[in-house]
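So the protein sequences, as listed, match chains B and D.
Residues in the first sequence are numbered from 1 upward in steps of one, following the numbering used here.
Residues in the second sequence are numbered from 117 upward in steps of one, following the numbering used here.
It should be emphasised that the hints constitute simulated quantities derived from the structure, not laboratory data.
It is possible that some hints are incorrect.
Stated by the list, open to error - Listed next, with one range per pair, are the computed distances between beta-carbon atoms:
1. Thr76/B with Lys184/D: 29 to 35 Å
2. Gly169/D with Ser38/B: 31 to 37 Å
3. Asn62/B with Trp199/D: 40 to 46 Å
4. Gln187/D with Lys78/B: 29 to 35 Å
5. Gln118/D with Tyr18/B: 33 to 39 Å
6. Lys15/B with Asp170/D: 47 to 53 Å
7. Thr171/D with Gly3/B: 27 to 33 Å
8. Trp199/D with Ser27/B: 32 to 38 Å
As the list claims (entries may be wrong) - From chain B, some residues computed to sit far from chain D (all C-beta separations above 10 Å):
9. Lys17
10. Gly28
11. Thr52
Glycine included, every Cβ here is placed at the ideal spot set by N, Cα and C.
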Amino acid sequence: GAGVSQTPSNKVTEKGKYVELRCDPISGHTALYWYRQSLGQGPEFLIYFQGTGAADDSGLPNDRFFAVRPEGSVSTLKIQRTERGDSAVYLCASSPSRGAGGYEQFFGPGTRLTVL
Amino acid sequence: AQSVTQPDIHITVSEGASLELRCNYSYGATPYLFWYVQSPGQGLQLLLKYFSGDTLVQGIKGFEAEFKRSQSSFNLRKPSVHWSDAAEYFCAAPSLTGTASKLTFGTGTRLQVTL
Chain B
1 GAGVSQTPSN
11 KVTEKGKYVE
21 LRCDPISGHT
31 ALYWYRQSLG
41 QGPEFLIYFQ
51 GTGAADDSGL
61 PNDRFFAVRP
71 EGSVSTLKIQ
81 RTERGDSAVY
91 LCASSPSRGA
101 GGYEQFFGPG
111 TRLTVL
Chain D
117 AQSVTQPDIH
127 ITVSEGASLE
137 LRCNYSYGAT
147 PYLFWYVQSP
157 GQGLQLLLKY
167 FSGDTLVQGI
177 KGFEAEFKRS
187 QSSFNLRKPS
197 VHWSDAAEYF
207 CAAPSLTGTA
217 SKLTFGTGTR
227 LQVTL
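Whole structure, please, built from the sequences with the hints as guidance.
Have a look at this one:
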């Protein structure tokens with residue numbers, strides 16, 4: 001079956017611009033996660049959705065970052081007034097969120113964001 | 117707070133040699149533990165997972181890992197490395213707070229395979 005997809009695969013923008021990154025999870029997965037991976041680092045948690053609601057947004061670095069999942073499926077990560085430090089690979093993951101198996105997350109290929 | 121540590125940033129092995137990648141965790145209770153692999157330009161692929169029971173777990177691509185509570189370790193092993201195994205490897209564990217299961221990752225170990 002189809003895995004997690006993310007678009008675009010690459011995004012180059014200028015400092016101060018607004019960007020949107022899209023994630024399409026595996027069909028039927030109720031949990032959706034966003035992570036950010038800087039060069040040479042492991043992924044770092046940003047936000048977690050259970051259905052339509054953000055259950056945990058403790059990883060968002062500041063109020064320039066926002067994410068939505070209006071219908072409980074596709075999610076969009078939005079970054080306002082981008083800064084060069086926002087350059088990273090943004091990874092999306094989904095999981096069935098039931099029992100121990102819910103802890104297994106399936107990752108998309110990521111969106112590489114470059115802020116010039 | 118839970119943490120996952122991968123002491124080795126970069127490892128080089130010859131094709132056909134054995135491999136062991138180290139992972140140490142800091143958790144109060146029995147953790148769930150994962151190993152993921154990331155090839156250049158690719159997303160993270162799950163190699164194997166430990167939830168409970170048998171402490172030696174088998175994964176895909178010939179990998180295995182052993183959970184050792186006494187050493188707080190979950191090291192990844194492969195008896196004979198192939199050139200295609202060259203990639204970045206991440207150990208991870210969920211936070212287990214409430215219903216959230218956000219993963220905490222180690223900093224990764226980059227594996228280079230020489231022919």
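Tested hints:
1. Taken as a hint, the range 29 to 35 Å is violated for the pair Thr76/B and Lys184/D, whose Cβ atoms sit roughly 42 Å apart.
2. In this structure the supplied range 31 to 37 Å holds for Gly169/D paired with Ser38/B, their Cβ-Cβ distance being about 35 Å.
3. Taking 40 to 46 Å as the suggested C-beta distance range, the pair Asn62/B and Trp199/D conforms, at roughly 42 Å.
4. With their beta carbons about 43 Å apart, Gln187/D and Lys78/B fall outside the hinted range of 29 to 35 Å.
5. In this structure, Gln118/D and Tyr18/B meet the distance hint of 33 to 39 Å, their C-beta atoms being roughly 34 Å apart.
6. At roughly 52 Å, the beta carbons of Lys15/B and Asp170/D sit within the given window of 47 to 53 Å.
7. For the hinted restraint 27 to 33 Å between Thr171/D and Gly3/B, the CB-CB distance of approximately 30 Å keeps it satisfied.
8. With their beta carbons about 35 Å apart, Trp199/D and Ser27/B fall inside the hinted range of 32 to 38 Å.
9. Its beta-carbon lying about 24 Å from the closest one in chain D, Lys17/B satisfies the requirement of being farther than 10 Å from that chain.
10. Every Cβ of chain D is farther than 10 Å from the Cβ of Gly28/B; the closest lies at roughly 17 Å, confirming the non-interface assignment.
11. Annotated as non-interface, Thr52/B keeps its C-beta farther than 10 Å from every C-beta of chain D; the closest such distance is 15 Å.
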